[in-house]
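First to last, the sequence lines map onto chains P and U.
Here my numbering is used: position 262 in the first sequence is 262, and no number is missing along the way.
Here my numbering is used: position 697 in the second sequence is 1697, and no number is missing along the way.
Be careful, since some hints might not be right.
Listed below are the simulated BS3-like cross-link pairs for lysine-lysine, each with C-alpha atoms no more than 25 Å apart in a straight line [as the list claims (entries may be wrong)]:
(1) U:LYS1633 / U:LYS1478
(2) U:LYS1633 / P:LYS139
(3) P:LYS139 / U:LYS1334
(4) P:LYS21 / P:LYS240
(5) P:LYS147 / U:LYS1412
Each pair of labels, with its calculated beta carbon distance range [unchecked claim]:
(6) U:LYS1412 / P:ASP148: 46 to 54 Å
(7) P:ASP103 / U:VAL1640: 55 to 63 Å
(8) U:THR1320 / P:ASN11: 25 to 33 Å
(9) P:MET209 / U:HIS1420: 43 to 51 Å
(10) U:ILE1252 / P:GLU203: 37 to 45 Å
(11) P:LYS37 / U:ARG1251: 27 to 35 Å
(12) P:ASP103 / U:LEU1067: 47 to 55 Å
(13) U:HIS1420 / P:ASP103: 37 to 45 Å
(14) U:LYS1412 / P:ASN11: 57 to 65 Å
(15) P:ALA140 / U:TYR1400: 27 to 35 Å
(16) U:ILE1256 / P:MET209: 32 to 40 Å
(17) P:MET209 / U:LYS1412: 34 to 42 Å
Honestly, the hints are just simulated from the structure, not real lab data.
As the structure is a prediction and not an experimental result, all values here were calculated from the model.
For each residue, glycine too, the CB sits at the ideal point set by N, CA and C.
Single-letter residue listing:
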Amino acid sequence: MSAEVQIKCRNIWKIFGDNPKRFMKRHKGAPTPEALKEAGYIGAVQDVSFDVHAGEILIIMGLSGSGKSTLIRCITRLNDPTAGEMEYEGRDLLKVSERELIDIRRHKMGMVFQSFGLLPNRDVLENVAFPLEVQGMDKAERVQRAKDMIELVGLQGRESYFPRELSGGQQQRVGIARSLAVEPDIWFLDEPFSALDPLIRAEMQDEFMRLQQKLKKTIVFITHDFEEATKLADRIGIMKDGRMVQLDTPEQIVLNPADDYVAEFARNAPRERIVSVGTIMKPIDPSAEGTVLVSEKIGSVAQQVLTASRPMGVVDETGQIIGSVTREDVATTIFSRDAA
Amino acid sequence: MTEATASTFQSESSQGVKMPSYWGVVFGIALLALIFHYISPGVLPDRWWPEWEIPAEEWLTTRIEWLKSEATIFGIAFKDITRAIGEGLKAPVKWAEYVLYRGHANMSWIWLTVILASAVTYFSTLRNGLIAAVLFLTPILLALFLGDAAPESITSLPKMLSDGLKGIGAKALYGPIPWVAIAAGVILLGHWIGGWRLALLCAVTMLYLAVFNVWKDTMRTMTIVVVAVPMAAFVGVVLGIWVTRSKIAARIITPIFDLMQAVPHMAYLAPVAALFALGPVTALIATVVFAMPPMARCTILGLQTVPEEIVESGKMSGCTRRQSLWKVALPSGKRTLMLGVNQVVMQTFAMVVIASIAGAQGLGHKLLYSLQQLKLGTAIELGIAISVVAIVLDRLTQGYANKETDHFAVAKTWVQRHKHMLIFLVILVLSYIAAIWFRDVTIPPSKLTYTGAEGKVTLFDPKVLARWMDGGIREFNKNAFDYINPIRDWVTLNFLIPVRNFFLWMPWPVFVFVVGAAAWRYGGLSVLLLCLALMASFIVTGFWVETMKTTYLVLIATLLCVIIGVPLGIWAARSERVANILMPICDTLQTFPSFIYLIPAIMLFRVGDFANVFAIIPYATVPAIRYTYLGLKRIPEVTVEAAIANGTTKRQRLWKVELPIAIPEIMLGLNQTIMMALAMTAITALIGSTDLGQEVVRSISTQNFGRGILAGFFIAALGIIADRIIGSWADERKKQLGIG
């Protein structure tokens, strides 16, 4: 993926403790985990570097305490990083003034929170219109925009309900509508579906994909759920103890985990829904019969391939044969998780 | 297990020899010292040496004199500043008086401004802090214009208007708001907030106030309440915001609030009365100062407990710092803030009632007077009035805080949404018109009469009823005193007096030693130093005797409160039915101003220490009951179930599982009980006592304010000592139990 870089993060550190800046200086900007522990500091984010490309869904995944929430708060400047560099559209995000930062948040960023973060004293309409209100948009215009957003998330008819009168799923729809009201370029979602029941969660994930197909935002999405990550992500960054241990496409993470920690996640992942035909295809086999599409996930072609007596040809979008896939390849990919 | 602390337990087991416990040693030494003092009195000092006494009282008195006569700030005489403040505050009080019960030639002017102000507010689309400030300032500015200082040109127009009205016989139009309209307004407010039940409560209360001829006195009291509440709330919110935003402010203000919380109501009057002349302004200032800290505390709590994600969502929506505060944090904490307002209203009301000794007119003043005259019938009528008003104020403000917003509001028409307001306006106008012909619409008549064919017949006269009650009480006392007096005298002679004498006989070093040992054991060095400093303050200034009298009263009262309260709390925790009855009673007892607890005490026992203790108990038992109940209720279900599964009997469970876990909470209740008992001893001074409270009361009537300020401070000092020691103990215990 060679799209333009929208956010560039280099060597981000976030350390909690009495005097983190001085501590960082003493360790020349790169304290070891042992040094942190000894001094009683907590390295929530340690030396994390990555880029967010325009239009991609970047998912940051990790267990609780791995530093993923702190990382997203560093990028949004809700928490200031202890050290590092951050660029947003070529601007140094750590050096912008208070005023500029507020301006960026008002027009470029939207964020969805795990426990929704709705204002309890405002109804649905007022909550969604809130970001527009604080930037000073006049009432008629912001009400119209808020109504459009409410319709987009399918909550029309509930404009005058208060957050406490809505279910968790509905509340998060309000949170999503609010974060989209300013038409942000980049959309942050901090475990948006973790507080929801499994059924509602699946429904909201589909809803999210529907929205994204329509809006094509740049997205940074936090989750602790590996399945959710593989379902939604273009790329996944896996965090452990404050460090980014691997940042890659779901397929690569499943097939080539960087270490045992990642492998442990990948082991239980539904490979058939992650790995695409292109990843496991072999060179063109003249004896192949029938064809499957290269971008197809192997789960959706498994029955075809497994029941065929011969290898199958692989075609690209134009119909050109570019390789072949065998029964064995599909079977080992799907079942090799137990071998790993 | 509850007594043996972890460290002594360890030392016993590690050394294998039974070491005397910490408290064994402390009490051993204290006992030896007391025996020694008994055998050879005079060696241990029982008073501080007069030649070493610090003349704090004289020093304070001369300071106050100096402040009142010579002191200047930036070249302006201090007395001029206080006078200006006094004059400035007189204006809103006057304004409230005109509106509520006195009426004024300029009433038409007031109404004009009120109508204009509400119109401007309603049609203004600007909904922000500016409007709130304007709303807050309008009545004050208005009142300034209506005050004596208003220039002729401004007042002449409404005067002409009023004169014109008078000319056509519409005298009532410059009277106060008719009581009928106020009562209707309160009932409508009750209905809007709490439905028919609350409306009924309001209606009964209003009717009582009117029928028992206490309307005007209630309005006198409310005059100060309506002025003090917005002021205290405003100052409290501002200070609260400041504390949450500035670390320095937090460091300065928080300990001051801690001190203020320990100072009893009464003690606020002395310093204020020292600077301002006795009268409504002194009552107002003392009330505002007294009622403000709860608002600040609730503001701090409300702002700090706004969920982190809501704050963050505000920031991510692009709020500036100011928008974060006004649009996110304050509205999200609204419920807590409104509970703060509830507390401000209740504290204000309680304080205004007590401020009667510093010149506040109204219910408290009348009650104090009738108590001192032993007109118990009238006292009962007034006491009921104070109680029902307190209940109504409490229910209204609490109901408003909990009021859920109606989410169908948009679908309703304007008239439907504002029906309460519209009905009130109609009644207001109608009652004003009716007042032209019927005087009783403005102020309720002193007795209910009926004019029929055979002339005027009195249907009900509260004075007659009061006199009849007086007679009844006297009759009851005459008979009951044969039984009551011997009990009272026996307890006083054989229990109260000996304990008091013991405290007065005890050498002060023993007291300092035992209290210091407790402070050191549970709170460490800092608490020890604080307690020593506080004890030194009343010992070296010559207040030892008065302080010990207060200490003894509070100790006995606290002991009785615990004996009564803890079992009641346990009972309530065990039985849902008991809790459903007991807890509302506790709530109600706490809404009453402490003053009214004097009535039954005087009725049954006249004056004396026995009556004082009796007055303290109903007031101070409530926290003992409530904290015991909560402490037991908060024990995790699993713990109790495990104990049942282990085969414990109900009794074993209570003593071995529930009480040991609940004990820190119960101790915090004890702490509250002591605080309330201390506050109440100051009130009982009004019916005669010889302790610190009496010093406060007397200082106001004799204008010896230095002494009053010191005595008030020492009451607070006792409270702080108890609070720090018990608080540290409970904290440590909670940590050991892994709770809190």
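Against the structure, the hints:
1. Among the hinted pairs, U:LYS1633 with U:LYS1478 is inconsistent with the structure: their alpha-carbon atoms are about 46 Å apart, more than 25 Å.
2. Distance check on the hinted pair: U:LYS1633 and P:LYS139 sit about 49 Å apart at the alpha-carbon level, beyond 25 Å; violated.
3. Taken as a hint, the P:LYS139 and U:LYS1334 pair is honoured in the structure, with Cα atoms around 24 Å apart against an allowance of 25 Å.
4. Simply put, P:LYS21 and P:LYS240 have alpha-carbon atoms about 23 Å apart, close enough for the 25 Å limit, and the pair holds.
5. This hinted pair checks out: P:LYS147 and U:LYS1412 have alpha carbons roughly 20 Å apart, not beyond 25 Å.
6. About 26 Å separates the C-beta atoms of U:LYS1412 and P:ASP148, a value inconsistent with the hinted range of 46 to 54 Å.
7. Between P:ASP103 and U:VAL1640 the beta carbons are some 57 Å apart, a value that agrees with the proposed interval 55 to 63 Å.
8. A hinted range of 25 to 33 Å for the beta carbons of U:THR1320 and P:ASN11 is consistent with their spacing of about 31 Å.
9. Distance hint check: the CB atoms of P:MET209 and U:HIS1420 are about 49 Å apart, consistent with the given range 43 to 51 Å.
10. Hint check: U:ILE1252 to P:GLU203, Cβ distance near 53 Å, so the stated range 37 to 45 Å is violated.
11. Checked against the hint of 27 to 35 Å, the pair P:LYS37 and U:ARG1251 passes, with Cβ atoms roughly 32 Å apart.
12. A hinted range of 47 to 55 Å for the beta carbons of P:ASP103 and U:LEU1067 is consistent with their spacing of about 52 Å.
13. At about 44 Å, the beta-carbon gap between U:HIS1420 and P:ASP103 stays in the expected band of 37 to 45 Å.
14. A hinted range of 57 to 65 Å for the beta carbons of U:LYS1412 and P:ASN11 is consistent with their spacing of about 58 Å.
15. For the pair P:ALA140 and U:TYR1400, the supplied restraint of 27 to 35 Å holds, since their beta-carbon distance comes to about 32 Å.
16. One distance hint, 32 to 40 Å for the beta-carbon pair U:ILE1256 and P:MET209, is violated here, with the actual separation near 57 Å.
17. Checked against the given bound of 34 to 42 Å, the beta carbons of P:MET209 and U:LYS1412, roughly 40 Å apart, stay inside it.
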